[in-house]
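K.L.:
Protein chains in written order, with UniProt numbering: chain S, 1 to 386; chain W, 1 to 386.
Note that these hints are calculated values from the structure, not bench results.
Model, not experiment: these values are computed from the prediction.
There could be a bad hint or two in this list.
[To be verified] Keeping only pairs whose Cα atoms sit at most 27 Å apart, straight-line, the calculated DSS-like set for lysine-lysine is: (1) Lys334/W - Lys259/S; (2) Lys334/W - Lys334/S; (3) Lys259/W - Lys166/S; (4) Lys109/W - Lys334/S; (5) Lys259/S - Lys109/W; (6) Lys109/S - Lys334/W.
[Claimed, not checked] Here are the in silico distance ranges between beta carbons for each label pair: (7) Lys334/S - Ser276/W: 34 to 44 Å; (8) Gly332/S - Gly370/W: 23 to 33 Å; (9) Gly370/S - Glu64/W: 47 to 57 Å.
Glycine included, C-beta positions come from ideal geometry on N, C-alpha and C.
Chain residues, written in single-letter form:
Number of protein chains: 2
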Amino acid sequence: MSFPKGIRRALASLASYQLTRRTSRRHMQYLMIGIGFATTASVSFVQMEAAKKRKLNISLYMAEPITDANTLLNNEEDMRTKMELMIMKVQAEFCQALEAEEYAGQKFKVDRWLRTEGGGGITCVLQDGEVFEKAGVNISVVTGMLPPGAVQQMRTRGKKLAEGKKLPFFAAGISAVIHPRNPHVPTIHFNYRYFEVESDGEKQWWFGGGTDLTPYYLNEEDAIHFHKTLKDACDEHDIGYYPRFKKWCDDYFRITHRKESRGIGGIFFDDIDTPSQEEAFKFVTSCAKSVIPSYLPLVRQHKNDDYGDNERQWQLLRRGRYVEFNLIYDRGTKFGLYTPGARYESILMSLPLNARWEYMHTVRPNSKEGKLLEVLQNPKDWVSTA
Amino acid sequence: MSFPKGIRRALASLASYQLTRRTSRRHMQYLMIGIGFATTASVSFVQMEAAKKRKLNISLYMAEPITDANTLLNNEEDMRTKMELMIMKVQAEFCQALEAEEYAGQKFKVDRWLRTEGGGGITCVLQDGEVFEKAGVNISVVTGMLPPGAVQQMRTRGKKLAEGKKLPFFAAGISAVIHPRNPHVPTIHFNYRYFEVESDGEKQWWFGGGTDLTPYYLNEEDAIHFHKTLKDACDEHDIGYYPRFKKWCDDYFRITHRKESRGIGGIFFDDIDTPSQEEAFKFVTSCAKSVIPSYLPLVRQHKNDDYGDNERQWQLLRRGRYVEFNLIYDRGTKFGLYTPGARYESILMSLPLNARWEYMHTVRPNSKEGKLLEVLQNPKDWVSTA
């Protein structure tokens, strides 16, 4: 990168600036050295002044960020900022990709909400579309005090946190569940999140997340494509990740009382704080960016497949199982709903538009439905990890 | 009752005997005195021999009892026996009353099941009827060892039980949820149960239960009739019961995250062990027997009411809320599903055949739907307790 270009960019940024270009601080340093008159204090002042005049390119996102734009611009190297802008971008790209699959211009309804305790979120839902029966993509960026019960739960997971008192926390995450109309298009869920908690003046942080697929009919090629895409995203960072997080996913999304999995898995992880904050962030970013290539090809390929009432009824029954998992076992849903002041509409957007429960429903072992059940009862490996 | 009639009955009972007539032991005493040769020991022998030849009138029930008929006949004064026969009878009467409302002879499917840990149940489900979309009436009579976690939970409720070890228990109960097809007919739920647990050689016992109504449209007359019938059943035993158990019901069936009740309440209680075992049993029996008169008139009056797609969609949304309560908050459902080896089909028969979740659904305040919501948000008193 040439020096004058750096200066030109930095100056141009006074008028219009996209925070997602993470080279900006370096440009500022070039500017400082080039002009040669700035002290650290005055640079900081110059940065702040510049930030006030810069603007986030809101058109990249579904709504204005939750955190004040100036705070973001003044803390662009802070992981809170990076995470908020990353999930905002992933949300917008994913929503736009889904909207592009609809035929009659159905769009996401966008709700930006704030919570009195601190922070808020942007909930995007497309309901009753031709291709998507219900699609919800939510981001939230929240701060507040963690109740002692939640602290205790984290202590059992090995976090070094003071016992028996409320602790300040920050959490930013994206969460999405897409229920298509055609039973030959699977449901997808993903969630990526960053967490900070402060105890005795020390900050602890970690990332968590995952992507998993819930087909109504098993298409082995789709399953392999989906898992392969996630594996590639993991392998870029650590070849140990995919096998470990694939198993974690199989273990987590289990409808224990039915002895079956919710779907055919994917990846799932929590408490990631190695090898460094930056590397962990890059890993989570890769995972989030792999959602579209893992899923959209399946939508395009099957959204016009033929199906009849039998397939629709089976899809509705499986959606009942999805509800069972989410309301009985999912930690995120339970944690959310038990949190006073939680925006339950954003938590429960994961539930399908329609679901069904039949007493003692059975499937024939060699039917298409039976073949899916077989895989749900005995999760299998879709890509070789040798 | 005349003396010879007593003898005649007692002798007749050797051929055919209905245990539900709780006068039988008295007849035996008359027989003893009348014949004048029996000692206490020989009476006991005579009873046992007689019992072997007697038969339970199985035609009164939906299936054979869970407990062996001879065990029941030999322990007819034991509360376990009384409770099992009472819930079997209530189950059969209720199922028959519901079947009588159907037009095309739809019948309950009857599944009698045993669990390896001890005991079992009879699950009756009528699915896809013309009048009842899904109706489940289950009894269970189970024995086994209570895990330390469950013991601990009971200790917090004041039971004097040894800490940190498994304890032998017995439980017998009836549980039913009826989801009618017509949105003008409410859903009803009831559950009556008897529990025994042994610790340090001492047996503790108690009763629990309740009946509650979940209308889709508010009909004040129906609400009053329903509550009045329950109140009458309570008042027979203790005029303090209805106000106390009505409030308990309002507090229990609360969908906390939505700040609304599941329905318009009824009665709910637990840990009833006064004034005596016999009196407590009579109270629970009165409650169970009040289900038909509290509910069937509502079915008959509204099962042919006109309704359109709007009403059906609203009913499906409210059924989604029903699922939320049962899977997130209901203690019985959670306790059941987390119990290894539980028959989940019998637990989840409470879920509706169809349910729906719309993101950010709203109702107009003065609409019929709004009027129901108003009452769900602010539970009211339906009968005067002054």
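K.L.:
Which hints, by number, does the structure contradict?
P.N.:
4, 6, 9
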